[in-house]
Amino acid sequence: MVGTAANSATVPDIDPILDVSGVTLQYKTKEHLITATYRVDFKVFQSDRFVLLGPSGCGKSTLLKGVAGFMKPVEGTMKLKGNVISRPGPDRVMVFQEFDQLLPWKTVKQNITFALLNGGKCSSRGEADDIAMEYIRKVKLERFENTYPHMLSGGMKQRVAIARGMAMEPDILLMDEPFAALDALTRRQMQEELLQLWEDTKFTVLFVTHSIEEAVIIGSRILILSPHPGQVKAELNAHHLGHENVGETEFMALQERIHKMIFADRVLEDEA
Amino acid sequence: MTESASQDGTTLIRPEIEAGSLKATEQVDVERKLSIVERISNINSVRKLTVLLVLIVLWEAYTKLAEVEELLFPPFSATLITLWDTIQTGELFEKIWITVAILVQGYVAGMVLGAVLLVFAVMSRVGSDFLSTMTAMFQPLPAISLLPLAILWFDLGAPSLIFVTIHSVLWAVALSTHVGFMSVSMTQRMVGQNYGLRGVSYIAKILVPAAFGSILTGMKIGWAFAWRTIIGAELVFGAQSGKGGLGWMIYEKGDNLETTYVFAALFTVIVIGLLVENFLFRNVEMWTINKWGMQR
Amino acid sequence: MSDITLTDGVYVRPEFVHKSLGAAGHGEVERRLTWFERISNVEPLRKFSVLILVIVIWQLYTTIWDVHELMFPTFSDTFVALIDSVVNGGLLENVWNSISVLLKGYAIGICIAAVLVVLGVTTRFGDDLLTTLTAMLNPLPAIALLPMAMIWFGLGEDAIIFTLLHSIIWPVALNTHVGFKSVSETLRAVGQNYNLRGVMFIAKILVPAAFPAILTGLRIGWAFAWRTLIAAELVFGGQVQDTSGQLGAEGSNSGGLGWIIFQNQMENQTPYVFAGLFTVIIVGIVIENFVFRNLEDRTVRRWGMQQA
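Chains Z, P and L supply the protein sequences, listed in that same order. Under this note's numbering, the first residue of the first sequence carries the number 19, and numbering increases by one thereafter. Under this note's numbering, the first residue of the second sequence carries the number 29, and numbering increases by one thereafter. Under this note's numbering, the first residue of the third sequence carries the number 136, and numbering increases by one thereafter.
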């Protein structure tokens, strides 16, 4: 099977950035031990916009936490550039859904320099300042560099978080439903801006969402997970679809196909 | 997999994958109860009780093994025996009663006075200015420092103690409640006025419930100050007059080097404090702001 | 009337659009308030007037009714006494004595609380130990420990500092611990994501994130310590008089503010008692409104983190 695009060319063996194989993740509540994902496999390559999609309870956020190193798998391995992931580190920067991910006691610029200096990306304050300004410009927040986060709107806060993550130039950027708490118009704008940033720098991103539309727009490849516990249902391509295709037949068909995959589980569950 | 990948500009295109049926549910516990040991050690009260027991054992062992003089630091067992003695002779309850009676009188009087000041403060701007000026003045003044004056005005006796207790409660409650009233949202105020509430009924039905979190905070701080003030005042009194409640018991027994009695009295003070904070106030909290979903 | 038709139960009226809105005939859009209204909207000014009013009433009441100076001195007498004790009575020296003892206790207390809290956030046993200790000892008035402290350390500064420690450690530790525990998972994850561990994690994430709670703890600690100190000095006054029969065994004239209040009351110098109380109020206001308010403005207020 070969890709459908006209200028495609078969590539020789390359190593994935992130290699997740047979990963089972469990966590404990006060009373119970919950299995969140069961033997999940996937590979993320350089410059992928890899989306983890599934209904709530499919363990997609848990999986992202596992990749970030906040949780250890009970079986299977997760390798970043061939090294087993064992703890959190600045080579996998996470952007969260919650607005409180910015440090409220630091200004927009300080939030980014904080990351650069502590994450070991920069050793001098001047260098960190320069890089911070570069990324603040990328997300168009020059006017707010010295503002404290509580003065910013939700969309602006997420932009700062994205700028902070990208400034680290991590091997892979992890995004946990970063636009879920935004209003519809802001969300659409942020999606466009994210894709524009990707066009500029071609960073690798692992993106979690529960919106099928967002998955198709943002993703180049979509991993669909089934719920209770999370297992791989399918891996689909969406690299050729973006905002400009919304409403087109191909876009609608893919959306419908994904919808059916997720919906099929729901019906089974309801019957059970 | 990689041999069938192809490159489209910079995006790697890989063949799509679709899984057949998923059978994990039969092979793995989706959700399992934790083991008994894990669950028991997750119960906070069990762990805290264990810590408490460990501390008591350490205390007893230290005083026994190092043969610390009872006069300086009595062992736990001796303290317990003395406590039991004072309970049996009724001495302890008598002391508790003296202290608690004064505390309750002072607390209630302080709350009533505070309520009167607050009504004026809500009704008029002058009242509001008066209250904030007075609280700013008297809140930082330790109530106990008024004791010498109170003794001058009311002589040695219960009224002096009640006077300083009132002072310790009044300003804490008034300040906290006033701030709470002022931060009641405009929407809630307008709702109240919309339904025709005026004056005292407006305060009672809108402001008090809406600011109940702050009021409760004020009452807790007021209690903490009052409890410290009354014990302190009895200590100072003890130094001057020679009769009184728990604070005086601590002072007198300390003076006579009857250390086990001092420890027994301290125990009682802790127990009363725990009862008021963890039982009384916790329950009030549960029945009001927790139930209303207003706790911070 | 004839323009209106009733169609399906709705009164339908013709539409209209105004071509231009004439500026005339609207009346005043904005007007300055009167001079008096503006002055009376200045809050500090209003509060100051209230203060003056209270003082005037006090002065009139005590002079007109001829209240005995011993029971309730006039404002002017109190003021004179205040000036006199500053100039001749070594009031400032006593203030400094109280404050220096307080600062020593405060500094040591915060250090001990910090150690306890670090233990409390790093291990589960430390956490349990800290919660149990604070729950037990926070409700115990520090002053109640003074008699024991006098047995252990004798009559002197050490006994007072020991008592002060107790009044500072528990509220600070309790509030800081609760504050640390309620730092959101997201902020913790951010800290770990950028390689912060151990002490760095506490210093750069937990402390600033929990700063509102820490500040509350510091404030309560200060309030308790200030009250405990004054009470302890009063007890000392009584104790010294009780045992030696004469004042000033503590070293001439420098037992602190509480001690000076006690001494003046014993000598029936009520205006000087009032002057001492005034000083206590002033010290309290300065610390509360300058030190803590400033700290709050520079930190939690600026960061938009102040609690409601």
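I should point out that these hints are in silico values taken from the structure, not numbers from a laboratory. The model shown is predicted, which means the values in this text are computed figures rather than measured ones. Be aware that a few hints might be false.
[Said to hold, decoys possible] Here are the simulated SDA-like pairs of lysine to any residue, each with C-alpha atoms no more than 20 angstroms apart in a straight line:
1) Z:Lys124 x L:Arg259
2) L:Lys339 x Z:Tyr166
3) Z:Lys124 x L:Ile243
4) Z:Lys278 x P:Ala47
5) L:Lys339 x Z:Lys46
6) P:Lys76 x L:Lys316
7) L:Lys339 x Z:Lys158
8) L:Lys316 x L:Val253
9) Z:Lys48 x L:Val253
10) P:Lys61 x Z:Asp147
11) Z:Lys46 x P:Asn306
12) Z:Lys90 x P:Lys76
13) Z:Lys158 x Z:Met174
14) P:Lys76 x P:Leu303
15) L:Lys339 x L:Arg436
16) P:Lys61 x Z:Arg155
17) Z:Lys46 x L:Val253
Comparing the hints with the structure gives:
1. Z:Lys124 x L:Arg259: With Cα atoms ~30 angstroms apart, Lys124 (chain Z) and Arg259 (chain L) exceed 20 angstroms; violated.
2. L:Lys339 x Z:Tyr166: holds, 17 angstroms
3. Z:Lys124 x L:Ile243: The hint is violated at about 29 angstroms.
4. Z:Lys278 x P:Ala47: It holds: about 14 angstroms lies between the C-alpha atoms, which stays within 20 angstroms.
5. L:Lys339 x Z:Lys46: At roughly 28 angstroms apart (the allowed maximum being 20 angstroms), Lys46 (chain Z) and Lys339 (chain L) break the hint.
6. P:Lys76 x L:Lys316: Measuring from Cα to Cα gives roughly 17 angstroms; hence the hint holds.
7. L:Lys339 x Z:Lys158: Violated. Lys339 (chain L) to Lys158 (chain Z) sits at ~28 angstroms, over the 20 angstroms cutoff.
8. L:Lys316 x L:Val253: holds, 12 angstroms
9. Z:Lys48 x L:Val253: Violated, at roughly 24 angstroms.
10. P:Lys61 x Z:Asp147: violated, 50 angstroms
11. Z:Lys46 x P:Asn306: violated, 29 angstroms
12. Z:Lys90 x P:Lys76: Violated, because 29 angstroms separates the two Cα atoms, which is more than 20 angstroms.
13. Z:Lys158 x Z:Met174: holds, 9 angstroms
14. P:Lys76 x P:Leu303: OK: Lys76 (chain P) and Leu303 (chain P) at ~17 angstroms, within 20 angstroms.
15. L:Lys339 x L:Arg436: holds, 18 angstroms
16. P:Lys61 x Z:Arg155: violated, 51 angstroms
17. Z:Lys46 x L:Val253: violated, 25 angstroms
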